[in-house]
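All chains should be modelled from the sequences, with the hints used to inform the complete structure.
Number of protein chains: 2
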Amino acid sequence: MPLRLALAQINTTVGDLAGNRAKIIARLNDARAAGVDLVVFPELAITGYPPEDLLLKPDFVRAASQSLNEIVSATRGLTAIIGCVHVEDDLFNAAAIAHDGQLVGLYKKQFLPNYGVFDENRYFGAGQQKQVFSRNGSVFGVSVCEDIWYPNGPYEGQAALGGAELLINLSASPYHLGKGVTRERMIAARASDNTAFVAYCNLVGGQDELIFDGQSLICGPQGELLARGKQFEEDFIIADLDFRQVFRARLSDPRRRKRTSAAVADYEKISLRALPTPAKARSTTSIATPLERVAEVYQALVLGTRDYVHKNGFQKVVLGLSGGIDSALTAAIAADALGANNVTGVAMPTRYSSSHSLEDAEQLAGSLGIEFLKVPIDKTFQSFLDLLKPVFGARPTDLTEENLQPRVRGTILMALSNKFGSLVLTTSNKSESAVGYSTLYGDTAGGFAVIKDVPKLLVYELSRYRNSIAGREIIPARTIEKPPSAELRPDQKDSDSLPEYDVLDPILCDYVEANRGFEEIVARCGDPDSVRRVIRLVDRNEYKRRQSPPGVKITSRAFGKDWRLPITNRYQSAFE
Amino acid sequence: MPLRLALAQINTTVGDLAGNRAKIIARLNDARAAGVDLVVFPELAITGYPPEDLLLKPDFVRAASQSLNEIVSATRGLTAIIGCVHVEDDLFNAAAIAHDGQLVGLYKKQFLPNYGVFDENRYFGAGQQKQVFSRNGSVFGVSVCEDIWYPNGPYEGQAALGGAELLINLSASPYHLGKGVTRERMIAARASDNTAFVAYCNLVGGQDELIFDGQSLICGPQGELLARGKQFEEDFIIADLDFRQVFRARLSDPRRRKRTSAAVADYEKISLRALPTPAKARSTTSIATPLERVAEVYQALVLGTRDYVHKNGFQKVVLGLSGGIDSALTAAIAADALGANNVTGVAMPTRYSSSHSLEDAEQLAGSLGIEFLKVPIDKTFQSFLDLLKPVFGARPTDLTEENLQPRVRGTILMALSNKFGSLVLTTSNKSESAVGYSTLYGDTAGGFAVIKDVPKLLVYELSRYRNSIAGREIIPARTIEKPPSAELRPDQKDSDSLPEYDVLDPILCDYVEANRGFEEIVARCGDPDSVRRVIRLVDRNEYKRRQSPPGVKITSRAFGKDWRLPITNRYQSAFE
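Protein chains in written order, with our numbering: chain A, 1 to 576; chain B, 577 to 1152.
Source of the hints: derived by calculation from the structure; they are not laboratory data.
Please note that the accuracy of each hint is not assured.
Unchecked claim - Calculated cross-link-like contacts (lysine-lysine; reagent style DSS-like; alpha-carbon spacing at most 27 Å):
1) B:Lys633 - B:Lys1137
2) A:Lys389 - B:Lys955
3) B:Lys955 - A:Lys379
4) B:Lys1137 - A:Lys561
5) A:Lys561 - B:Lys633
6) B:Lys1137 - A:Lys57
7) B:Lys1069 - B:Lys955
Written out as structure tokens, the structure reads:
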């Protein structure tokens, strides 16, 4: 009789113990109804991931433990593996093994990630136990997220060598573009290296800056892909696993045999009480097709925006529409994430705004079907100029006067937010944020920065993509084609202040994502002057980024938890 | 012949390899001139502390290693121990032992702190070697910062049992109020537990939100205090250590004997080439008197402000003066940190500002001797009201209109900053920041938040202290005595929206600094309704704090690197 396995790829919310519990119990009921024997949930499903410093609150840890108890009681008739926190003499990131209403085991995560966006050494002790679980004759081992990324992790040193035929991993793996491919390759290698099934249940959903992309996986004992969950959506993946496959494969691929003799003896094998296994119809298992590159990023941005807005208790958003491509793309993502009727675009022209900008903004709002407001700010801008005139005297006009305009706009958007209860979306892209081409408290003002981790060239790709799937011009062609401009003084162009984006973006990628040094970047991207100028701008604008709102991480290194540069910093990368 | 030891308590700057190197070499020359045998520098003196993600840049690590080489060459005639990064098969937080122009040893930090404000597991591998150093017959061991906080750290398990008579610790210990006492008690215990001299060289200076308070220490083998460096200032502490004291004390206090036999054999003893030891006059060693509590905080704020402003390349600051106590205290600190002629205070009254507020602001500016500007913003405020009227229609006046006023002020201050190149100081205190009693992009707008970690009640204490040391009314008595008000609507008082500060501050301390839960706080502070309300406000205002500028950490937990709560967070501490 095969084991019917389910992966409950759910979207949890950090701190929402009651909501997460209700969702888990609902999936337990779904599993029971579908004749599932063993159902797996993501890492820290009880608390949401990452709970960060909530984990330093004893009350929170206690409430989370209580929540687990209620869930365990709801596992009658099946086995469930649920990510949770666990207290012994220390706090652990754990997986609860619940069987027929009882807690029968607790696996404690052994490898705690503390790089990139991760801070798990801040919170958790590391587990060490060696256990496998036997259920109706099938033996499985459990691990949590980072554990499976180590070739000599619990799969190598423990579960597989300890007799497990199914290796279960509970995960909350933060998304960045292309990570799915790396992860799937690694999971397949773990399966074939250990000649075992691997069932990998990933979290899905947005949490502050992080996206968890789902795409849970099941691989067979030769590394073959048996199931792949959807990206950026909840999913409930069911597969029937015939454990005889493992024995058959191990006879032909005896690599495990050479490593196993000493290890097996160390293992505790916990036998779960037998449950009746009613005959059931064979299930069908689907393999979702991964999205193409630009579509993948687009969906990540949609999910990240929707979850940030909704999980923080908002329904509606408001944003400035300049007629440029950044605000156009942001509006399109917002409309897709929240529904067009929950999005308000505001054009706030001054004397420096070109007529086509206002037309393009209005056309965009029309094609998206979002509310459109026109609030011309020139009089208020002038009021600031008049007010400051006695103080500034005869000093020449400079960036000061340019910055006043976005700051008036930021103030208007925040006033609309205050009055109508909508969240302000900011529209800066990663290229601008990197070099500080933005006005603090002006265009950076807002609650969520949808495209803050999207480099400008990718902004263009995403905009064309959005038009292509609509089959019509959602984002006006002129918006895509005209040279980018902040329109804060007559005839201004981004290229007055910055290298062209096809020069800028590769330099930024090398410097920000890859930590490459000046000489290496010059060798790859050419033009020492541009490279030096860009590096200097990135280094000097940390103070602006530090006060910017959160936004969706889509690259391997965003300006968020994975970017921890000091503000006070005299290191000059390009000059030392 | 005693060993002449010096602790070079220096103020480094993160990333300023050339500047730090010059300062270290200058102290080496001072040491040589003073007949010093062994001079100790703080942790990571080469790079400044904490360098954060600069440590992920290979170019930076290489440049720092090169900088160390130059410093080692400058150690002719003496021994120097210098905090540095070190690359072997991994990156280490290390102490270089340089002797007479040669690198003779490298100690690698063994205990890496990864809690509170620390992230050292993100960057470093942990060392393990067992070494002591013998110099002209005197044996010493070396460790770095966190190592000495463990009773079974390298001092217990290694250096002292391995034969060291002097235990040297290089530190960069972030300040908070009262930490000096804890630290001194611990250092004394390490000395007497190991019957050895302990020489503890701490960093001094401000780095973004952190203050390092100096107060380097030397303790004798019975835990007696031999030297204490100044707080919040550079210092160069010299002491003559007679190692015969250690042998004499160990004969009478033989605890070490019972633990030592197995350990000694494991140790490598590195003998440093003998250097001539010219006869020298006995040195005198001073023990600085620690500052009293309020004075200590005041000096921490002064140092933190001065270092942030200067290390970021600014000379001048500008801030809004409301006539209230927060901006008055901030102005006083700024004047003390930077000189009165580098501070500009700006009064920006509206229709809701009382006449006494303007008078008090002007009086303060006069008593401090800072520049005073008056920029009445009511017309510009009205311009926003007019602009928004068609959008708001008949909706009632609410927080929206209140928030407009600080946002106009923030825009004015940023314009002054842009035009004159001065840094904007914000004036919010910790109590306000905790409960979100502030306007984002309004009174939170600025580059540095001087009193962001100072609870309101301590703001009063500091203000009275500042007047008391001046012996006159620097901060107007009326500013200190009048009920706090934001003056954003007629007859507004802070107490309309918040509990009185003598109720609020203890609740905040329990919740924010101590992670106490609802029931425990009610038991300690009474009034469940106030406690629930405060907790809810703290939880809901994380988004504002995340976009606030950095400021000086003075408590055991500031809203900075030691406070990592998610924004998206449905946990309701007071209701679960």
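Outcome of the hint check:
no.	hint	result
1	B:Lys633 - B:Lys1137	holds (21 Å)
2	A:Lys389 - B:Lys955	holds (14 Å)
3	B:Lys955 - A:Lys379	holds (11 Å)
4	B:Lys1137 - A:Lys561	holds (11 Å)
5	A:Lys561 - B:Lys633	holds (17 Å)
6	B:Lys1137 - A:Lys57	holds (17 Å)
7	B:Lys1069 - B:Lys955	holds (24 Å)
Checked against the numbered hints given earlier, this structure breaks none of them.
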